[in-house]
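Use the sequences and the hints to build the structure in full.
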Amino acid sequence: MAILCASTSTIFSSSERTSFGSLKKTIPSNQSSFLGFFPVAALSKPGSVLPTTLSFSKRDFRVCCQDLSLVPENQRWMFEESEADGPDIWNNTWYPKAKDHINTEKTWYVVDATDKILGRLASTIAVHIRGKNLATYTPSVDMGAFVIVVNAEKVAVSGKKRTQKLYRRHSGRPGGMKVETFNQLQQRIPERIIEHAVRGMLPKGRSIV
Amino acid sequence: LVDVEKNSLFASSFRGAHSRLTRTITQQRIRALVSAHQDRDMKKRDFCHLWITRINAIIRGVGVSYSYSRLIRNLYNKQLLLNHKILAQIIISNRNCLYMISNEIRK
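Chains A and B, in that order, are what the protein sequence lines are.
So for the first sequence, the numbering used here puts the first residue at 16; every next one is plus one.
So for the second sequence, the numbering used here puts the first residue at 14; every next one is plus one.
You may find that some hints are simply not true.
To be verified - Calculated lysine-lysine pairs in the DSS-like style (CA-CA distance at most 27 Å, straight line):
hint, chain 1, residue 1, chain 2, residue 2
1, B, LYS56, A, LYS114
2, A, LYS176, A, LYS114
3, A, LYS114, B, LYS98
Simulated from the structure, these hints should not be mistaken for laboratory data.
Spelled out as structure tokens, the structure:
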């Protein structure tokens, strides 16, 4: 306990918001075993001892703790009493509930594909569809957004790919392979080019089509 | 419970013959326990993977060419011991806090 008091008081004395990152570790008492290995001098900036009034408001740092009695007296201001009865966010990883991924409330993006390079565009589209740019990403749940691509026939491609990139498909029968170049497919069904590109970048065999 | 009954109680929710025939019960029980043992370690890996993906997703939004790997490098340089679980939970509950931490670390 002596170590606990010493480190918290030195951290407490630095009045910047930035020491909050180090504060976060010392507060839950079940992590107090860390303190023995703490390079305390490296972490907290040495400063004069401050009274309990600090420059930042209580509202900005919402720290949650299940059991307020474990927290020492002078740090209780950081804990919101209302959160103490809520879900335990420090011991249970967040998993989306049904209301977090309703289809009707997802964002829709509209992308104009004129003169964008095919692969780079498809890459960012796939990231948004999968939901990999969100903090709430979960592999088992489709948290991604919907993407609408406009002007798909004007998508650009570098080098000689217009004439040399081949799109193959097979009907399943022997000798049933059909090959097309990028140009021919663009004449026939231009949307399929972007669909093919994005589908190749998404996980296969799953409900995220 | 007698040992035989304990055995079949373990496999009582298995499908088909795996819950009815004694020999297959013992075999399937062994396989189930092995899976449980392996997956206890895989669970730790899976969650770390999930936290890393979540952290990466948000950190890349901070600025051009800022990524999870750079964040971790900065964390280690400043000797900040926050683990991935806590970082991921901070991101979900209180994202400004993470931006503050990352800005402070980048200096």
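So, going through the hints one by one against the coordinates:
Simply put, LYS56 of chain B and LYS114 of chain A have alpha-carbon atoms about 26 Å apart, close enough for the 27 Å limit, and the pair holds. This hinted pair does not check out: LYS176 of chain A and LYS114 of chain A have alpha carbons roughly 44 Å apart, beyond 27 Å. With a C-alpha separation of about 23 Å, the suggested pair LYS114 of chain A and LYS98 of chain B falls inside the 27 Å cut-off, and the hint holds.
Hint compliance for this structure: hint 2 is the single one not met.
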